[in-house]
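If you want the building blocks of each chain, they are given just below.
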Amino acid sequence: MTRPSPCRLHEIHTLEFLKRAQNPDGGWGYGLQRRSMTEPTSAVLLAMAELLERPAVAAGRAWLQRAQHRDGGWGLDPEDPDSSWPTAWAVLTLARWDPAALEVVRGVRWLLQAPVLRLQTDELMAEVYRSLRIDPSLRGWPWRPGEASWVEPTALTLLALHAASATAEQGERIAEAIRYLSDRRCQGGGWNFGNPFMLGAYLPPRPHPTAWALLALHILAPPAIRPEDIEALRVEMHRDGGAMALALGIMALEAIGVEDREARERLTAMQRPDGSWEESPYTTALAWMALHGGWPWRRRD
Amino acid sequence: MAAPRLTRRALLRLLLLAGIGGGLAIAERRTRPAGLRTFLGWILRGWRRRVEPPAVVALGASLSYDEKLLRDALAELWSQAGMPDVAGKRILIKPNLIEWIEGRPLVTAPEVVGAVIDLLRARGASEIVVGEGPGFRRDAGPVVAQSGLEAVIARRNIPFIDLNYDDPQPVPPRDGWFPGRSHLWLPRHVIEADLIVSVAKLKTHHWAGVTLSLKNLFGVIPGICYGWPKNMLHVNGITPSILGLKQALPPVVSVVDGIVGMEGDGPLFGTPVPHGMLAVGRDPLAVDITCARLMGFEPEEIEHLSWGIWAGIGQGVHIEIRGASIQALRRRYQRPPR
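Protein chains in written order, with our numbering: chain A, 658 to 958; chain B, 265 to 602.
By construction, these hints were calculated from the structure, which means they are not laboratory data.
The reader is advised that the hints may include incorrect statements.
[What the hints assert, rightly or not] Not everything, but these chain B residues come out facing chain A in the computed CB check (under 7 Å):
1. W306
2. E331
3. G491
4. D529
5. P601
[Unchecked claim] Chain B regions said to be covered by chain A (calculated; three or more residues, Cβ under 8 Å):
6. 350–361
7. 492–498
Just so it is clear, the structure is predicted and the values come from calculations on it, not from any experiment.
Where a beta carbon is used, it is the ideal one built from N, C-alpha and C, also for glycine.
With the sequences and hints as input, model every part of the structure.
This is the structure in structure tokens:
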């Protein structure tokens, strides 16, 4: 009998962890024995659907389908009555099977119709510009409908629209969201949650929004990426040092053709004996994607 | 038959009724979105505080982050402030871990959190967890590690809960501070706590003026529900959100770390102020008013404190100081940019 290779052993442990972490309802939570939620369930399926056993995948997919609201969106979980940002995650994942599936189309429609806060008066716009030096007329996507746009939900939604092949007919809306991302860039490159400047001080970039923004721009507007964005991500992901930041950072860098061996080594070393990263199905899914093939959606040239 | 005559008395009655009705309609309009009934409730509660006994705030002076000194000082201040019995209770310690920027005193010193854990354990708390949901970080882990808190709680075998992901549940927003919202999502460990100890940092804040034990409660709002930063709180208004959160949570008591405070461009980019003080009290409003005074602010300058006094969120009128005196500890912190 041959022994499994170290790489295969890591895979076995990770799969065992995710099997243990799957709830009887088919979904995954942010930790072991935690309530099933849309984001971790989507992330696990996106990362591991080809490796998990078929019944586990079918149960996870059915959970996601059941969690969809009548308005076409998804909330945190089926108990959350309001659709919000996790809709992008669910669309990203379900589109892997069929971008034209009804649940994907309904999810896309919800994303496109979700209202975004827009300032009404010139006076208010001028005040926002004075305090934050941003162009408040630009729309990205909010965390919750009706609120202001932020970098991470904007990038996630752009990625979801791309996954669902829904970008072609939404050119103007997507171009505006890309202008939004460019406008929210930090002074030395990279992104934070969406405030590059506040009351006289430039705010620093952070790894998570920078990685998401780079993934979205790489797929939809590569010329908008600047070398300083890439450098900001490299610096910030190592400074943060958490598994989530390293995993997202590796995926974004790899997508734009930059290899960071040190980040890979650091992330690999963070895998726990139970096969997980931080005992979190969500972080484990991100780390697995980062170390095994990268972000699953590629640019369509 | 002759038409009934409108007598002078009847006319006056009609005018009086119209005046009352009109006044009520105007008052109802002016008090939206909270509504007249809620508004009157706040005013009455605020007045009632004037005849209620004082809140006690205990102040420690000339302190450092030396572990033993801090433990002894905290135990004494806890007793002086008449803090609640914690035996058999589930306690959530909520430090300020908003972010980590090297060289900036922007988080609660881990030594203070360690001293609070030791005190609660010595007094028989049945379950202690430390929790925070950073507003600028998707992952709290690196902030916990880089601030030194990870080592402090690991040594004491206390878990850290990232409140941004802590299986949030809907709770009713009590007291009318979140108009139009049928529920607020709050983390499981927050809802299940018998007592929350808000272990805040003494800092200036560019939007709120100061951030102390009340503003520190923003960190319990789960990011997975409301995003990063916690934008819903700004949409609702910072002041109503601070006061509304205090009302929606289980009982909150305060410990404020002012051993090194922050002045100027807080809550992130201010500069350190060696102040050597610690404040402890069971009424967060009274503690924060006292701390604001120690920073050189009058409560009227800080909207959430003046509204809190007006609406009787706590005892803001009569405050009894024990331990060090306000005069000895008062400084004038540089104001945040506006």
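Results for each hint:
{"no.": "1", "hint": "W306", "verdict": "violated (27 Å)"}
{"no.": "2", "hint": "E331", "verdict": "violated (26 Å)"}
{"no.": "3", "hint": "G491", "verdict": "holds (3 Å)"}
{"no.": "4", "hint": "D529", "verdict": "holds (6 Å)"}
{"no.": "5", "hint": "P601", "verdict": "holds (5 Å)"}
{"no.": "6", "hint": "350–361", "verdict": "violated (count 0)"}
{"no.": "7", "hint": "492–498", "verdict": "holds (count 4)"}
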